[in-house]
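Chain by chain, the residues:
There are 2 protein chains.
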Amino acid sequence: MAHLRIALAQVNSTVGDLDGNADTVVEWARRAAEAGAHLVAFPEMMLTGYPVEDLALRASFVEASQRALAGLARRLADEGLGDLPVVTGYLDRRTGGPVRAGQPAGAPLNAAAWLHGGEVLVRSAKHHLPNYGVFDEYRIFVQGDRLPVVRVNGVDVATVICEDLWQDGGPVSAAGEAGAGLLLAVNASPYERDKDDVRLDLCARRAREAGCALAYVNMVGGQDELVFDGDSVVVDPDGTPLARAPQFVEHLLVTDLALPAAPATVPDDAAIDRHVLSAAPLPDRPAEPPTLAEPLDDLAEIYAALVLGTRDYVRKNGFRSVVLGLSGGIDSALVATIASDAIGPENVHVVLLPSRHSSEGSVVDAEDLVKRQGVNARTIPIADMVEAFERQLDLHGLAAENLQARVRANIWMALSNEHGHLVLTGGNKSELATGYSTLYGDSAGGFAPIKDVFKLTVWELARWRNAQAGADLPFLHPFPHEPIPEVIIVKEPSAELRPGQRDRDTLPEYTVLDPVLADYVERDMGRDALVAAGHDAALVERTIRLVDLAEYKRRQYPPGPKITPKNFGRDRRLPITNRWREPSTRS
Amino acid sequence: MAHLRIALAQVNSTVGDLDGNADTVVEWARRAAEAGAHLVAFPEMMLTGYPVEDLALRASFVEASQRALAGLARRLADEGLGDLPVVTGYLDRRTGGPVRAGQPAGAPLNAAAWLHGGEVLVRSAKHHLPNYGVFDEYRIFVQGDRLPVVRVNGVDVATVICEDLWQDGGPVSAAGEAGAGLLLAVNASPYERDKDDVRLDLCARRAREAGCALAYVNMVGGQDELVFDGDSVVVDPDGTPLARAPQFVEHLLVTDLALPAAPATVPDDAAIDRHVLSAAPLPDRPAEPPTLAEPLDDLAEIYAALVLGTRDYVRKNGFRSVVLGLSGGIDSALVATIASDAIGPENVHVVLLPSRHSSEGSVVDAEDLVKRQGVNARTIPIADMVEAFERQLDLHGLAAENLQARVRANIWMALSNEHGHLVLTGGNKSELATGYSTLYGDSAGGFAPIKDVFKLTVWELARWRNAQAGADLPFLHPFPHEPIPEVIIVKEPSAELRPGQRDRDTLPEYTVLDPVLADYVERDMGRDALVAAGHDAALVERTIRLVDLAEYKRRQYPPGPKITPKNFGRDRRLPITNRWREPSTRS
Numbered sequence: 001m002a003h004l005r006i007a008l009a010q011v012n013s014t015v016g017d018l019d020g021n022a023d024t025v026v027e028w029a030r031r032a033a034e035a036g037a038h039l040v041a042f043p044e045m046m047l048t049g050y051p052v053e054d055l056a057l058r059a060s061f062v063e064a065s066q067r068a069l070a071g072l073a074r075r076l077a078d079e080g081l082g083d084l085p086v087v088t089g090y091l092d093r094r095t096g097g098p099v100r101a102g103q104p105a106g107a108p109l110n111a112a113a114w115l116h117g118g119e120v121l122v123r124s125a126k127h128h129l130p131n132y133g134v135f136d137e138y139r140i141f142v143q144g145d146r147l148p149v150v151r152v153n154g155v156d157v158a159t160v161i162c163e164d165l166w167q168d169g170g171p172v173s174a175a176g177e178a179g180a181g182l183l184l185a186v187n188a189s190p191y192e193r194d195k196d197d198v199r200l201d202l203c204a205r206r207a208r209e210a211g212c213a214l215a216y217v218n219m220v221g222g223q224d225e226l227v228f229d230g231d232s233v234v235v236d237p238d239g240t241p242l243a244r245a246p247q248f249v250e251h252l253l254v255t256d257l258a259l260p261a262a263p264a265t266v267p268d269d270a271a272i273d274r275h276v277l278s279a280a281p282l283p284d285r286p287a288e289p290p291t292l293a294e295p296l297d298d299l300a301e302i303y304a305a306l307v308l309g310t311r312d313y314v315r316k317n318g319f320r321s322v323v324l325g326l327s328g329g330i331d332s333a334l335v336a337t338i339a340s341d342a343i344g345p346e347n348v349h350v351v352l353l354p355s356r357h358s359s360e361g362s363v364v365d366a367e368d369l370v371k372r373q374g375v376n377a378r379t380i381p382i383a384d385m386v387e388a389f390e391r392q393l394d395l396h397g398l399a400a401e402n403l404q405a406r407v408r409a410n411i412w413m414a415l416s417n418e419h420g421h422l423v424l425t426g427g428n429k430s431e432l433a434t435g436y437s438t439l440y441g442d443s444a445g446g447f448a449p450i451k452d453v454f455k456l457t458v459w460e461l462a463r464w465r466n467a468q469a470g471a472d473l474p475f476l477h478p479f480p481h482e483p484i485p486e487v488i489i490v491k492e493p494s495a496e497l498r499p500g501q502r503d504r505d506t507l508p509e510y511t512v513l514d515p516v517l518a519d520y521v522e523r524d525m526g527r528d529a530l531v532a533a534g535h536d537a538a539l540v541e542r543t544i545r546l547v548d549l550a551e552y553k554r555r556q557y558p559p560g561p562k563i564t565p566k567n568f569g570r571d572r573r574l575p576i577t578n579r580w581r582e583p584s585t586r587s
Numbered sequence: 001m002a003h004l005r006i007a008l009a010q011v012n013s014t015v016g017d018l019d020g021n022a023d024t025v026v027e028w029a030r031r032a033a034e035a036g037a038h039l040v041a042f043p044e045m046m047l048t049g050y051p052v053e054d055l056a057l058r059a060s061f062v063e064a065s066q067r068a069l070a071g072l073a074r075r076l077a078d079e080g081l082g083d084l085p086v087v088t089g090y091l092d093r094r095t096g097g098p099v100r101a102g103q104p105a106g107a108p109l110n111a112a113a114w115l116h117g118g119e120v121l122v123r124s125a126k127h128h129l130p131n132y133g134v135f136d137e138y139r140i141f142v143q144g145d146r147l148p149v150v151r152v153n154g155v156d157v158a159t160v161i162c163e164d165l166w167q168d169g170g171p172v173s174a175a176g177e178a179g180a181g182l183l184l185a186v187n188a189s190p191y192e193r194d195k196d197d198v199r200l201d202l203c204a205r206r207a208r209e210a211g212c213a214l215a216y217v218n219m220v221g222g223q224d225e226l227v228f229d230g231d232s233v234v235v236d237p238d239g240t241p242l243a244r245a246p247q248f249v250e251h252l253l254v255t256d257l258a259l260p261a262a263p264a265t266v267p268d269d270a271a272i273d274r275h276v277l278s279a280a281p282l283p284d285r286p287a288e289p290p291t292l293a294e295p296l297d298d299l300a301e302i303y304a305a306l307v308l309g310t311r312d313y314v315r316k317n318g319f320r321s322v323v324l325g326l327s328g329g330i331d332s333a334l335v336a337t338i339a340s341d342a343i344g345p346e347n348v349h350v351v352l353l354p355s356r357h358s359s360e361g362s363v364v365d366a367e368d369l370v371k372r373q374g375v376n377a378r379t380i381p382i383a384d385m386v387e388a389f390e391r392q393l394d395l396h397g398l399a400a401e402n403l404q405a406r407v408r409a410n411i412w413m414a415l416s417n418e419h420g421h422l423v424l425t426g427g428n429k430s431e432l433a434t435g436y437s438t439l440y441g442d443s444a445g446g447f448a449p450i451k452d453v454f455k456l457t458v459w460e461l462a463r464w465r466n467a468q469a470g471a472d473l474p475f476l477h478p479f480p481h482e483p484i485p486e487v488i489i490v491k492e493p494s495a496e497l498r499p500g501q502r503d504r505d506t507l508p509e510y511t512v513l514d515p516v517l518a519d520y521v522e523r524d525m526g527r528d529a530l531v532a533a534g535h536d537a538a539l540v541e542r543t544i545r546l547v548d549l550a551e552y553k554r555r556q557y558p559p560g561p562k563i564t565p566k567n568f569g570r571d572r573r574l575p576i577t578n579r580w581r582e583p584s585t586r587s
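If you read the protein sequences in the order shown, they are chains B and S. All the letters of the first sequence, read from the start, carry residue numbers 1 to 587 under this note's numbering. All the letters of the second sequence, read from the start, carry residue numbers 1 to 587 under this note's numbering.
Because the hints were derived from the structure by calculation, they are not lab data. C-beta atoms are modelled at their ideal positions from N, C-alpha and C, and glycine is treated no differently. Keep in mind that a hint or two might mislead.
Said to hold, decoys possible - Residues from chain B that face chain S, not an exhaustive set, calculated with beta carbons under 7 Å:
| # | residue |
| --- | --- |
| 1 | V99 |
| 2 | A101 |
| 3 | W166 |
| 4 | L393 |
| 5 | L403 |
| 6 | R406 |
| 7 | N417 |
| 8 | L473 |
| 9 | H477 |
Using the sequences provided together with the hints, build the complete structure.
See below:
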């Protein structure tokens with residue numbers, strides 16, 4: 001067996017920030033070198049960030065990525081790190097090859113490269129392009145077909161990219177047949193609830209298939225609608241975890257491995273690019289104790305993802321502060337707490353906007369939260385503004401309710417424009433799925449931290465967060481006491497837009513609504529399948545009607561300004577968080 | 001040569017309205033039979049409408065489409081149309097076949113079927129799945145691999161689906177090798193500016209490749225963000241157009257063809273499903289004169305697409321009326337005119353919402369348009385409402401400007417909620433691309449008719465529409481005089497949100513801005529490429545800065561409520577216009 005110390009750099013990349021991301025690679029490569037690593041690996045699309053969406057179709061961006069990669073290789077050497085092999089993801093393009101109608105312009109590649117000695121040693125690209133869930137890679141990439149195998153200290157290391165690991169056959173099988181001693185997978189794999197276990201099982205299975213150890217490095221950080229959790233891992237050839245990085249934080253996972261030395265002769269395969277950096281195996285030696293982080297429990301994971309997603313959306317878009325309405329209800333209370341944890345309570349601005357229908361309890365409870373967290377607060381009764389509209393318009397029912405929500409949104413937006421705060425929105429997944437919110441009212445805002453969180457989970461997260469008071473967790477503000485008043489968690493939910501209004505007058509109880517919503521909205525189960533799964537038939541039909549017809553929003557009013565004829569020219573789909581700018585002078 | 005009279009049913013399908021779409025098939029099949037056709041063909045995904053987006057992933061919807069197809073076959077026979085072969089698109093699923101991670105759930109197929117004698121004779125599915133521009137078919141379909149060849153009156157007719165025609169090789173080549181006498185392509189191909197010529201050239205090329213006549217039937221109608229223009233066509237084996245349907249209207253294109261009779265023996269190919277409906281060729285006979293519609297000119301095409309897109313969005317979503325703000329400027333004037341053409345001026349409600357910065361000319365010009373078109377109008381000065389906010393908030397510059405736009409949006413939305421009108425939005429592509437609009441203000445609304453139209457084209461369309469006064473075109477309201485006051489077309493553009501404001505104080509002149517926007521936003525050209533294409537370097541840099549940083553909206557404030565962590569469960573991407581409902585009792 002041969003000794004290899006590998007370092008997996010689980011870092012936070014920003015879309016479009018080629019210079020900043022290159023700085024991160026240099027900084028963490030230095031840490032790896034200082035830790036005595038023989039190889040350091042960075043995530044998929046490290047240099048460009050992920051997902052780049054239609055930026056991949058802009059030639060100038062592809063070329064900037066190619067230049068950044070070459071520049072990074074030189075800089076690593078200039079800074080004395082040229083001897084350390086560095087594997088990193090970046091954006092490249094295919095030259096030649098088949099062209100077909102509708103192929104992504106410029107044939108962009110989701111690529112990875114080995115850098116060594118100031119040069120780009122070998123380039124490869126992702127074979128399997130995911131196009132499901134949050135992924136749209138068929139739209140923006142063409143497929144790669146090469147497998148790089150690089151010999152480092154006598155060990156053959158094969159590299160694959162993310163989805164290549166999830167698909168049967170393909171480069172993982174090829175790596176096994178190529179006799180690789182280590183399979184290195186670079187990833188930008190977003191957090192999903194319960195996905196960590198799926199990923200670990202997958203790594204174990206692929207290691208057994210390839211018959212070698214597998215090192216999996218993942219991105220960490222929030223990027224627009226996605227949150228990457230890290231959770232990088234190393235498993236041995238029988239699938240046993242040898243090392244695991246903590247979730248939701250940057251981490252250098254350094255692991256000593258005893259790996260089979262490459263044989264004297266290797267099978268010949270035209271699809272494999274073989275390179276030898278150092279042929280002589282290092283003698284096996286006692287391993288340093290590896291990091292084996294425990295994964296977070298379910299609620300901690302979700303809360304950490306929300307905090308990281310919020311923090312990075314604020315930070316990566318150049319904001320320093322947020323503003324949100326605090327109603328005295330659970331949703332806005334949880335969002336305020338997430339914001340305090342993400343950017344510190346001193347950067348959180350809340351506004352209490354009571355109407356004639358707001359209960360006194362709501363105002364008092366909101367004020368209690370303000371005191372507990374020390375956020376900036378201001379109270380503005382909205383009666384004058386609402387009445388100015390009502391003098392001109394004769395509004396009833398839903399129209400009158402919505403007006404109040406829209407006056408509040410106007411105030412958030414005015415404060416945002418005047419002071420540069422980002423508006424956070426408080427809507428949860430249960431109410432948004434059922435249309436129980438006001439378009440351009442409570443649904444307005446720049447970032448909606450709990451939009452993908454069902455109401456039952458909102459309550460669970462609030463209780464979980466209160467239970468952490470005094471705990472020392474990297475993603476929490478150190479409130480010494482419970483940040484959310486208990487009364488806010490236990491009170492009956494109400495929108496308070498008309499006298500005596502309660503959620504349960506309009507919606508089924510959340511304890512039965514949320515499970516149906518999960519099966520219908522997330523799992524695409526139809527009516528009969530929902531009933532067969534044990535949901536009450538009347539509840540199923542009511543929920544389907546709410547979601548499809550959206551009594552409060554979609555039926556009365558279809559969604560916003562995105563709907564338009566778009567046949568006249570192509571529109572770009574671009575990341576919102578994007579630091580890349582076209583060069584302002586010719587280069 | 002054998003005689004075949006074919007009918008191409010260029011009809012308007014609605015997503016999810018399986019019953020209504022089946023009714024349409026029966027009605028137009030009857031018309032085809034009455035016209036003596038030997039074969040009638042309907043568009044791609046006729047039964048379900050197109051695009052169905054993630055509805056394809058719901059098993060109950062796939063099963064409903066399968067049942068609707070079988071029911072349609074029976075019903076055609078029951079109504080005495082069983083002898084007429086009917087080709088139609090629908091949604092099916094693959095049984096068996098390979099399964100991979102991330103494959104669309106249930107393996108949905110974009111399918112076509114031949115119906116005859118009360119039965120489904122043969123089914124096939126699209127081979128090539130477009131995943132560029134407005135298409136996301138890799139997300140929701142798996143690929144087909146069969147080519148049906150059906151003998152009708154002694155002629156072998158092969159059917160392919162839309163994108164199969166756009167890709168080299170594949171089923172078109174196979175149809176040629178199979179010795180087909182007619183290649184029939186069923187399509188849902190959205191209108192794009194200048195695409196009609198591209199499509200005709202494509203049909204001609206593929207006919208030559210396959211060595212046989214080609215019949216191309218396309219959908220017509222608006223569906224959410226897409227507009228299908230029809231423009232169905234029949235070309236002979238050397239690519240010469242034999243018949244062409246008018247654009248943007250439903251039409252039955254009946255064409256007499258002299259086609260080669262199928263040979264006694266045909267090549268054997270396991271991927272081809274051959275069926276014989278009627279082996280004996282009909283003797284060739286003199287053809288009836290075919291329809292050869294002239295395509296519309298560029299501006300007429302665009303205007304027709306906007307009218308049809310608006311009419312169908314209103315109608316298919318169950319609205320009967322619209323409301324919009326009329327500022328006295330060109331954008332809202334054009335949108336009001338499109339609305340009058342689409343649904344009649346009696347269903348158009350405009351509100352004039354002057355502020356302290358509105359010029360007297362604006363109000364007078366808007367009132368003149370109201371008189372010319374006879375739309376419903378109401379004037380509500382917004383000063384009281386704006387001042388009610390300003391008493392509580394100390395707003396300056398952009399924040400004060402945006403407040404006025406948001407107060408106006410509140411009024412549109414209140415009128416929408418109170419009276420059930422759909423809000424139309426007036427923003428054009430130039431101002432939206434550069435961020436020269438207010439989030440939740442003038443950009444708010446349910447449908448934005450000119451969002452994909454650059455400002456220069458807005459002016460061209462207004463002049464074109466005025467020039468049609470008194471003309472008899474199927475997509476125009478018969479105004480006897482010019483519907484848009486000339487002064488609105490010639491006046492200097494201004495948002496009128498502060499004293500003396502003009503667009504050109506913030507934006508480059510539209511004559512130079514629009515061409516740069518087209519190259520940057522639609523063609524993804526980078527800075528150097530834009531300069532190399534002849535655009536002024538300073539203008540290019542200014543435009544890129546406007547678009548990327550979006551001085552008015554995106555930089556001050558990132559886009560709306562869509563941004564949220566979405567890692568916790570999958571969300572559906574569903575059509576907004578969708579008539580399909582889960583069955584409300586077990587079937």
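The hints, checked one at a time:
Against a cut-off of 7 Å between C-beta atoms, the interface hint on B:V99 is violated, since the closest Cβ of chain S lies about 9 Å away. Checking B:A101 against chain S: minimum C-beta separation of about 5 Å stays under 7 Å; hint holds. The closest approach between the C-beta of B:W166 and any C-beta of chain S is roughly 5 Å, which is under the 7 Å cut-off, so the hint is satisfied. For B:L393, the suggested interface contact is upheld, since its CB lies about 5 Å from the closest CB of chain S, less than 7 Å.
The restraint placing B:L403 at the interface with chain S holds, with a minimum CB-CB distance near 6 Å, inside the 7 Å limit. Given the 7 Å rule on beta carbons, the hint for B:R406 holds: about 5 Å separates it from the nearest Cβ of chain S. Given hint, B:N417 at the interface with chain S, holds; its Cβ is 4 Å from that chain's nearest Cβ, closer than 7 Å. Checking B:L473 against chain S by beta carbon gives a least distance of about 18 Å; that is not within 7 Å, so the hint is violated.
Here the hint on B:H477 is broken, as its CB sits about 19 Å from the closest CB of chain S, past 7 Å.
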